Amino acid sequence: MICDEVTRDLDAFVDRELAADAAAPIREHISACASCRQRVADREALGRLVRSVPYYDAPERLRARVSGQARRTTSARRLMAWAAAAAVVVSIGGGISLVRSGTARADTPVDEVVNGHVRSLMADHLFDVRSTDQHTVKPWFLGQLDFSPPVVDLASIGFPLVGGRLDYVAGRPVAALVYQRQKHTINVFVWPASGGTPAVQERAVRGFHVRHWISNDMAYWAVSDLNDVELTEFVRALQKA
Amino acid sequence: MPSRVFEEIVLPHLDAAFNYARWLTRNDADAEDVVQDACVRAVRFFPSLRDDDARGWLFAIVRNTWYSRVSRRAGAAELPLDSTTDDPADGALDPEARLLQQLAVARVREALEQLPADFREVLVLREIEGMSYKEIAAIVRVPIGTVMSRLARARDRLSAVLKPPSLSMERVP
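Chains U and C are the protein sequences, given in the same order. Note that my numbering numbers the first sequence so that position 159 is 159, with each residue one more than the last. Note that my numbering numbers the second sequence so that position 140 is 1140, with each residue one more than the last.
Treat the hints as calculated values from the structure; they're not laboratory data. None of these values were measured; they are calculated from a predicted model. We put the beta carbon where it would ideally sit given N, CA and C, even for glycine.
From the structure, some residues in chain U lie toward chain C, with a derived Cβ separation under 8 Å: (1) Leu46; (2) Ala58; (3) Leu62; (4) Arg65; (5) Val205.
So that you can see chain U by itself, here it is in the shape it has in the complex (with noise of 0.2 Å):
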């Protein structure tokens, strides 16, 4: 390997774009080059750079105009769809809040926690637990839920846990842990399961990422608006977690 090459390969490098075959022989030639290991640095540098700038949200007003619009030009078949599928809120003693979705098609978990996953976003409701700090998260879920979910910061590889909820999926109560890359949300679905495979399933539903597979009797899903590349790093530590 020349350095020739890593200029070839430098950004599809640095963006985990490569296949592994392609990424081993890089990772060995920058161990010993310090002017590529330099490129590569400046490179990931940028890339934090151009991170660091504003987000633009949409305006509200934008958001009732084109949902209103929305609302105009659908038919009233679709509208009832709709309204049938809306969130009801159900209240459980103690403060905790489940929401709840009653849609009218037969959902499958992974249109559930899809769904989960957009109303967590949507309606505000991210947490019902804010905290970085596992030893508080996991102590949360005891007093939720009859089972235990492993509860993992992955902050040191960029993935940081933010917090966790309770969620409704399959028809019981799930948890939710919330954890961030950058500006993207990564809820993790967890729940006990017999039998399953290891293997991870990798799905694409209305514009996000999911990924599902079974370890120590629980069921994980996974589901965010990060690129495959990332997800499929993130879903990587969280099983060797």
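Given chain U, put chain C in place with the hints provided.
Just chain C, lined up with the frame of chain U:
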């Protein structure tokens, strides 16, 4: 997907669509117009949506909407930057470090806004939206290899504009 509705599928990506439009247009008013027009088109083309990629689909519509507006008024002067947008500032920093960070952020934003639109958008899609090369290729409608080479050139250009001093400012704690 007759029972799937616009609100449930497109609205969750509205902030991302606006952010993308804001970086394309470089001002709030145009970004709002572009996103609203795009949503009108999105409702019309809604049946054409593939189930798995609402965000990319919406981004592609935003992009087309913006392009057709730009070409319609080609030659029109660029609107001034909106200087009222607040930069996120870390409250934990001391005043001097915060000022330095704000200066660095303002400088990066200006540098990014001055890049050609082709470069600006791949950087925004990759770095801010965190999209994969494949997702970007589908929106920009170029091969994946072009996404890679365009990103490389965009980053070279941005580095040249920013030069080392601001890179070192970024490392201020």
